[in-house]
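Engineer: In case you want the letters, here they are:
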Amino acid sequence: MASQKLGLVFFPAFDWAISPAHPEREERLLYTRDQIVEEGLLDMPCIREYKPQIAQYKDLERVHIGVPDLSSLITDAHLVSAGGAIAAADAVMRREVDRAFALVRPPGHHAMRVVHGTRGFCTINIEAIMVEYLRKNYGIGKVAIVDTDVHHGDGTQDVFYHDPNTLFISFHQDGRTLYPGTGFTNEMGSPNAIGTTLNIPLPPGTTDAGLHEVLDHLILPVLNDFKPDIIINSAGQDNHYSDPLANMAITAQGYARLADKLKADIAVLEGGYSIENALPYVNVGIILAMARMDYSKVIEPDIATCPVQSSAVTRSISAIIKERQNMWATKEKLQQEAIAKAGDFWQRGRNIYYDDAGIDERQKEVVRLCPHCSGYVTIETEAYGMFGYKSAYIATIPNQACPTCQKAAYDAVYKAKKQGKQQLYFVQNKMEDRLEIL
Amino acid sequence: MFLGLDVGGTFTDGVAVSAGKIISTVKTPTTHNNLLECILRAIDKVVLDTGNKNFERIALSTTIVTNALVEDKIDKVGLCIMPGPGMNIKDALPKEPYIVSGYIDHRGHEVARPTEEEVMSACRHFSSCDIFAISGKFAVRNPSYESMIADWIRKKVKPSHISLGARVSGSLNFLRRTNSAYYNGAVWRHFNQFATAVEDALLSRGIFGPVYVLKADGGTLPLAVAREFPVEAIFTGPAASVLGIMSLHPTRSPAVSLDIGGTTTDIALWQKGTPIFAEQGAKVAGYATSVRGFRLKSIGIGGDSFVRWEKNALKVGPMRYGPAMAVGGSKPTITDAMIASGLIEFGDKELALNAMKELALEGQTPYEVANMALDEAVTCIYQAVMSLLAEQEAEPVYRVEDIVQGRRINIEQILGVGGGATGLIPLVAKKMGLSYQLPDHGMVANAIGAAVARPTLDLTLRADTVKGFYTVAELGIKNRLPKSRFSLEDASLLAEQHLAELAKVTGIFLGETELIQAEEFNVIRGFNTVGKIITCRLQVKPGVLLPSKEVF
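Residue numbers (the working numbering), protein chains in the order written: chain A, 1 to 438; chain B, 1001 to 1552.
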């Protein structure tokens, strides 16, 4: 069969909500479904619809460690949503389509490696699960993820923070003014992976003009330089001017042109809560752009209410572009300095807040700065969650870990278990593709 | 007495059913140049056979609409569309449309109004057209603009006919509705001439029974209604045979039916006693439409399929070059293989054996080559059944529960009808490891289906309790909701009332109805539920007029 342009996994999960009045509720994609079906997009010869798969726990555990375990923290909807992203990836990798869009919910980009519950509407990180699935099943090496959601993709950043083979670019409304309050320019990756986390905080009121400045002068040149094997778009749509949870001013045209220029191999829906006024148009725009069809006629009925970009916003966008260009150009030097400063191990302690679950997690993360591989990671975590006080000690062995790191990771967990300060002990062994409970 | 007629590619079959019994079956060659001729010949034969012309009902399954399209006997249609924002639909249509501004949004809001001036200029643009089609995006959510434009056109040019997208189908899909409305207009005159000719001919013979036309979804329409919606009368042949099977052998268990004719095998899937519908409408001349039908697959394997060697492999079909050699044909066919292997008795066995001898390689007996050919035919049918099941299973669903539970159909039996069924069905059943049934009268299942198909109707009611109105696109209405607290239950009751009205207007007996789609979503502003959006689609249950056990 001839290759079609776009694979579309559409899964609105009409029977799933976090709670009845929550923004992440049954009808979030209702109007989008209406618009897509009414347009007749699914009848277009260059668009092929796919059904989501049901992701396996094995797929999830390449990314996540659930405390106490994943199965008691997620619902079937999460397995289907992650399976939707996987179905999109399979369609592209089997060359049945040129690119694919997983228009699925629930979303995932706020879910971090360790999961105690739901934060920012996300419980498991569907893009990260898809990326590790691609690596495991298709041997993909260098991956670029461009997060175009208005909120900083802190979960995805966390999962790939120590991985120099995954370039994570996130533009978002400045963390000083919006959830989750992170995504600042100093978050650049741990020393072995400096620069491959690229945050672009933008001022509230950024319009299509500002966004495309960032795209043309920063994101596209960086991608060009990094030369990824595959480009993933975390396609949140809440930068839209009508979104109730944020303050940006992007239009459906702005998003469609973004999709057109970015040429992502796979896009995965993230947030977007202007379910009636934005999502139907933004999604149709993205679908048309990814299918290489004419999107020029996708205009919101209330386009007149879209604000104009102020000159102060324009100036601050120019400044951030310049600063980030500089960082990218000097990242090797920054890395040498960071490694020299940290010594053999780099570590950080954090509090991670789960807004949906009301959980406060305390975490200590240690990365071995190995000269031969990206280094094993250990995590101590504790939180009062829905199952009371839970704690765990985890070691992660990355792909292509050196023998020393592999052994040291097990040693660290055995040692911690002997000390017995935590309740649960895990080794996430990516080389052997399994999560071990010790 | 019910009369059913099926105009097929080769033969026109007629069946008369009275008091639950088939009292007459006739077969006459189809006269493609003048369908009326073979239809009347079949009717005359039945009248002669039964000595009775008091038909309670005459139901026709014809290729008249298909022929009109194939032979290009279609009219020029002035196609006006209101696409609003979204995909550029222009190049996806069978005809260059005139684009009118103004549009309705997904909630049914009137966002921008079209103007009378631009519609007047559309009329000038289509000055040579006597038939118009009008289609607006989301007109099913609010049909008022389509009606308004129709009124303006009527006032200006008094056309013979105007097809409206939201009347042709109440379902979402602007592209499909637009294509349906266009083709409905394009075949309107041809179909109406045919309808008039049928009515006149029957009257002149003193036959006064009401005439119905079969639809692709197995329902029937009174001829007067079919005159307005002729596009619905397309692709009725396979539907007729599916309904025939329904009345000949009712089954509750999941089944696959195979209608093995001379040229093709039509495959349908069954669950809970009814055939499974296709999720999407049919394609007409390569364009997607909203015409509903059963989920069917047709493959080029039949009794007359040509058997030959091709690159050291024995091939069957899809081409046919006339009848089996056993009955005087010139080339070996699957029927010859069935006769030669002793599966059926038909024609001259010597000639069938000769056909197989022609095919046999050195050292091969005619019996062996016949079995090889049958094996190939059975494999093709088996693969087509499997791919139809896979298609059904791959159909997208939008709820978590539906994904987790899956929608696999575990077929339990095979139902076989048509000329080639007796010989091939046992072999297919053996390959699939299933039991099979070959109902009596399976040779004329199609005409029986037409005779006893129940008239159907469907409509979609969509209520928006925030805006306080509801629409029924098929009726072209947009009314205020009768009460403030309006539930899905209220919606289905209201749909029932409107369906009853529609049934009355169209002269259809309402009978048993079923809800084929029901959706209810909260509309939330801030953190408060401010109302609901309710959609329900109700139909008169398709099926057969008489409970078949009593019938046959």
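Do not rely on the hints blindly, as some may be mistaken.
[Claimed, not checked] As a list, the in silico DSSO-like pairs of lysine-lysine whose alpha-carbon atoms are at most 30 Å apart:
hint, chain 1, residue 1, chain 2, residue 2
1, A, Lys-331, A, Lys-136
2, A, Lys-5, B, Lys-1076
3, B, Lys-1349, A, Lys-297
4, A, Lys-227, A, Lys-430
5, B, Lys-1053, A, Lys-51
6, B, Lys-1283, B, Lys-1297
7, B, Lys-1158, A, Lys-51
8, A, Lys-364, A, Lys-417
9, B, Lys-1467, B, Lys-1331
10, A, Lys-5, B, Lys-1430
11, A, Lys-142, A, Lys-322
12, B, Lys-1090, B, Lys-1158
13, A, Lys-142, A, Lys-364
14, B, Lys-1095, A, Lys-5
15, B, Lys-1467, B, Lys-1532
16, B, Lys-1311, B, Lys-1272
17, B, Lys-1076, A, Lys-51
18, B, Lys-1467, B, Lys-1431
19, B, Lys-1311, B, Lys-1297
20, B, Lys-1431, B, Lys-1483
21, A, Lys-5, B, Lys-1283
22, A, Lys-322, A, Lys-263
23, A, Lys-263, B, Lys-1076
24, B, Lys-1095, B, Lys-1156
25, B, Lys-1430, B, Lys-1467
26, A, Lys-297, B, Lys-1095
27, A, Lys-297, B, Lys-1283
28, A, Lys-415, A, Lys-58
29, B, Lys-1467, A, Lys-297
30, B, Lys-1297, A, Lys-51
31, A, Lys-417, A, Lys-407
32, B, Lys-1532, A, Lys-51
33, A, Lys-297, B, Lys-1483
34, B, Lys-1504, B, Lys-1053
35, B, Lys-1532, A, Lys-261
36, B, Lys-1272, A, Lys-297
Rather than coming from a laboratory, the hints here were simulated on the basis of the structure.
Engineer: Are the hints correct? Go through all of them and say.
Structural biologist: Quick rundown of the hints versus the structure:
Using a Cα cut-off of 30 Å, the hinted pair Lys-331 (chain A) and Lys-136 (chain A) holds, with the two alpha carbons roughly 28 Å apart. Restraint check for Lys-5 (chain A) and Lys-1076 (chain B): not satisfied, since their Cα atoms lie roughly 34 Å apart, outside the 30 Å limit. This hinted pair does not check out: Lys-1349 (chain B) and Lys-297 (chain A) have alpha carbons roughly 67 Å apart, beyond 30 Å. A distance of roughly 24 Å separates the Cα atoms of Lys-227 (chain A) and Lys-430 (chain A); the hinted pair therefore holds under the 30 Å criterion.
A threshold of 30 Å between alpha carbons decides the hint, and for Lys-1053 (chain B) with Lys-51 (chain A) the separation of about 54 Å lies outside it, so the pair is violated. Taken as a hint, the Lys-1283 (chain B) and Lys-1297 (chain B) pair is honoured in the structure, with Cα atoms around 13 Å apart against an allowance of 30 Å. A threshold of 30 Å between alpha carbons decides the hint, and for Lys-1158 (chain B) with Lys-51 (chain A) the separation of about 48 Å lies outside it, so the pair is violated. Pair hint Lys-364 (chain A) plus Lys-417 (chain A) holds up; C-alpha atoms about 16 Å apart against a cutoff of 30 Å.
Our distance criterion of 30 Å between C-alpha atoms is broken by Lys-1467 (chain B) and Lys-1331 (chain B), whose separation comes to about 68 Å. Proximity of Lys-5 (chain A) to Lys-1430 (chain B) is assessed by CA-CA distance (about 41 Å); at most 30 Å being required, the pair is judged violated. Under the criterion of a C-alpha separation no larger than 30 Å, the hint pairing Lys-142 (chain A) with Lys-322 (chain A) is consistent with the structure, at around 25 Å. In summary, the hint linking Lys-1090 (chain B) to Lys-1158 (chain B) is supported, as the alpha carbons are separated by about 26 Å, within the 30 Å threshold.
For a cut-off of 30 Å, the pair hint linking Lys-142 (chain A) to Lys-364 (chain A) stands: about 27 Å separates their Cα positions. Simply put, Lys-1095 (chain B) and Lys-5 (chain A) have alpha-carbon atoms about 25 Å apart, close enough for the 30 Å limit, and the pair holds. Of the supplied pair hints, the one linking Lys-1467 (chain B) and Lys-1532 (chain B) holds, its CA atoms being roughly 10 Å apart against a limit of 30 Å. Our distance criterion of 30 Å between C-alpha atoms is broken by Lys-1311 (chain B) and Lys-1272 (chain B), whose separation comes to about 44 Å.
For the given pair, Lys-1076 (chain B) sits about 40 Å from Lys-51 (chain A) by alpha-carbon distance, which is inconsistent with the 30 Å threshold. For a cut-off of 30 Å, the pair hint linking Lys-1467 (chain B) to Lys-1431 (chain B) is broken: about 58 Å separates their Cα positions. Straight-line distance between C-alpha atoms of Lys-1311 (chain B) and Lys-1297 (chain B) comes to about 28 Å, which keeps the hinted pair within the 30 Å bound. For the suggested pair Lys-1431 (chain B) and Lys-1483 (chain B), the alpha carbons sit about 59 Å apart, so the restraint of at most 30 Å is broken.
Under the criterion of a C-alpha separation no larger than 30 Å, the hint pairing Lys-5 (chain A) with Lys-1283 (chain B) is consistent with the structure, at around 22 Å. For the hint linking Lys-322 (chain A) to Lys-263 (chain A), the alpha-carbon distance of about 24 Å falls within 30 Å, and the restraint holds. With a C-alpha separation of about 42 Å, the suggested pair Lys-263 (chain A) and Lys-1076 (chain B) falls outside the 30 Å cut-off, and the hint is violated. Note on Lys-1095 (chain B) and Lys-1156 (chain B): the hinted pairing holds, with a Cα-Cα distance of about 22 Å set against a maximum of 30 Å.
Taking the CA atoms of Lys-1430 (chain B) and Lys-1467 (chain B), the gap is near 59 Å; set against the 30 Å cutoff, the hint is violated. Restraint check: the Cα-Cα separation between Lys-297 (chain A) and Lys-1095 (chain B) comes to about 20 Å, which is no more than 30 Å; the hinted pair holds. In summary, the hint linking Lys-297 (chain A) to Lys-1283 (chain B) is supported, as the alpha carbons are separated by about 26 Å, within the 30 Å threshold. For the suggested pair Lys-415 (chain A) and Lys-58 (chain A), the alpha carbons sit about 26 Å apart, so the restraint of at most 30 Å is met.
For the suggested pair Lys-1467 (chain B) and Lys-297 (chain A), the alpha carbons sit about 27 Å apart, so the restraint of at most 30 Å is met. With a C-alpha separation of about 21 Å, the suggested pair Lys-1297 (chain B) and Lys-51 (chain A) falls inside the 30 Å cut-off, and the hint holds. For the suggested pair Lys-417 (chain A) and Lys-407 (chain A), the alpha carbons sit about 16 Å apart, so the restraint of at most 30 Å is met. For the hint pairing Lys-1532 (chain B) with Lys-51 (chain A), the CA-to-CA distance comes to about 28 Å; that is within 30 Å, so the pair holds.
For the hint linking Lys-297 (chain A) to Lys-1483 (chain B), the alpha-carbon distance of about 38 Å lies beyond 30 Å, and the restraint is violated. Using a Cα cut-off of 30 Å, the hinted pair Lys-1504 (chain B) and Lys-1053 (chain B) holds, with the two alpha carbons roughly 27 Å apart. The suggested pairing of Lys-1532 (chain B) with Lys-261 (chain A) is violated, with an alpha-carbon distance near 39 Å, which exceeds 30 Å. Distance hint between Lys-1272 (chain B) and Lys-297 (chain A) is unfulfilled; the C-alpha atoms sit about 45 Å from each other, more than 30 Å.
Checked against the numbered hints given earlier, the structure breaks hints 2, 3, 5, 7, 9, 10, 16, 17, 18, 20, 23, 25, 33, 35, 36 and satisfies all the rest.
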